[in-house]
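Trainee: Residue numbers (the working numbering), protein chains in the order written: chain A, 1 to 515; chain B, 1 to 65.
Quick caveat, the hints were computed from the structure, so don't treat them as lab data.
Heads up, a few of these hints could be off.
What the hints assert, rightly or not - DSS-like cross-link-like pairs, simulated, lysine-lysine; straight-line CA separation at most 30 Å: (1) A:K298 x A:K44; (2) A:K266 x B:K57; (3) A:K64 x B:K9; (4) A:K297 x A:K102; (5) A:K294 x A:K64; (6) A:K294 x A:K102; (7) A:K298 x A:K356; (8) A:K44 x A:K294; (9) B:K57 x A:K44.
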Amino acid sequence: MRRYTMMMFILVLLAVTASLTGAEQKVITVLHVNDFHGFAEPYKPLGSDTLAGGIATLASEVGKIRAERPVLLLAAGDMIQGNNWANLFQGESVIELMNAMKFDAMVLGNHEFDFGTEILKKRISEAGFPVLGANVAGLGDLVTPYIIRELQGVRIAIIGVVTEDVPFTTHPRNVKGLTFLPVAGVVDRYVRELKGKADVIIVLSHIGFSEDRELARRVNGITAIIGGHSHTRVVDPPVVNNALIVQAWEHAKDLGELDLYMEGRKVVRAEERLIDISPAAGTGDPAVERIVEKYEKKVDALLDEPVGEALVDLDGEHVRSRETNLGDLIADIIRKTAGSDIAIIGGGSIRTSILKGIIRLRNIYAVSPFNNYIVAVRMTGRQVREALEHGVSAVEEGAGRFPQVSGLSFTYTLSAPPGSRVKEVMVAGRQLDPDRRYTVATDDFLAAGGDGYKAFGEAVRASKDYSVVGGVMKGDRLVYGNPGRWERDVIADYIRSGGKISLTAGGRIKEVSGR
Amino acid sequence: MNVSVNGCKVTLFPPMTTVRHALLTAGLFEELESGVKVYDEWGNEIGTEGALNEGAKIFVRSADS
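Just chain A, same shape as in the assembly (with noise of 0.2 Å):
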């Protein structure tokens, strides 16, 4: 008898356990993808020869696993600025692709603003999924703080923030009357506001790999964050605190699949894998490539588009040599639209030709091809001075820091040494002053030391902390800047609401002999 009950014990022991764990236990599964930045067709990333990425593939895979189980699908942020195919639409191709993508949610990221609030408001309202903002504050019902939605009977809760740096990186206008809460609190707040409420709480954040992992370790009570910000490919994901934290690389180069194994409402495991995208991983999602080719040809009939003529032919192949005249109209233009006294900008910045006639939107964006944006720095004369210097020491070379100017002009030998070749330079008609600072515009590649540029980088690390104020930068060097916005569109902007173009190079750099 004690031999039987012992059996039956056992028995109803293993049934209890397979209960437990067989019958009841589910995966969810949450797919995402993070600084899309409208990289919607396959690339070759720098110092690569194989195509990565492409939204249509990344689609297709979703697809694949959405066939297979109900799936989350989220979007860390930066999705709809950054290369032609979005900005040239001001992201309205990157919802539309989301949309026909089913994406559940998407957290604001710090380019999101690059348009500015009205725009950003315009594309809110046109997406099919909520967007979240936790901790911004003054946009209304637009954003949401987060969501719960139920899979399989798990509530599972999404609550999505941005960086509190989003006004450092864009230009203040484009967050006027916007607030940026610290990140950690708002986070607490809400996962406390959670409980009871949802089973599992992801955070969708836009702060960064490293501020995710600050983040996980001050906020009890997070299952998972699935990040954005940094760009980085997390192939094996930490857990901080109880909280596993994922990102999925950018430009749509991988898809991220989160699989939290549940044992009734409670998660007893969670797995991360990242799903690389190319074109060699198979064919695209039907419905998204004709969104990818539409908008593909609508950007190349933009680009087709006239902006402007050139009354005269306009040199992009001289300078890395001496002044042209596309050197001096895109100095200007650069110089006019920061507000500077003087514009420096390499000659290697430019890198063709405009011939006489129509000028296409295709021409400019051929002209100035990089990603690069205007930024002012405070200098003295001493160091406008070092700057001109290192631009004409290699000019024998043909090399790009060879500078363009706006604002002031100069001599400089060519037969003297490295490094004091320039001789007179003057500014509104004056003697450059060593002493006295002016605001010099120029590319964030340069100041930030492209070309072998240091001066720039010199004269802002002399500057006192930086900071925005009543949403106007302020600093003691850096004076301007906007880094949503490409050059190219600058120029492209520029052109458009002048017309004509005539301009006749000469009287800004010259080279004279001695030494």
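Since the structure of chain A is already known, use the hints to place chain B on it.
Mentor: Below, chain B alone, put in the same frame as chain A:
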């Protein structure tokens, strides 16, 4: 903001705080053309337009090493 590139301190200023800006400041950006990649302090590959935070440590090296 101070970050480190291959162990060397680099100072960045908003809005120029991406991996690209750090590499330009460190004079290492052109190395990317030879196929080297950028990694964070935990060994994750990062894109050049990725945002950096105060104290970030990044490393430029070939994918194999």
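Trainee: Name the hints, by number, that the structure is in violation of.
Mentor: When the structure is compared with the hints, numbers 2 and 3 turn out to be violated.
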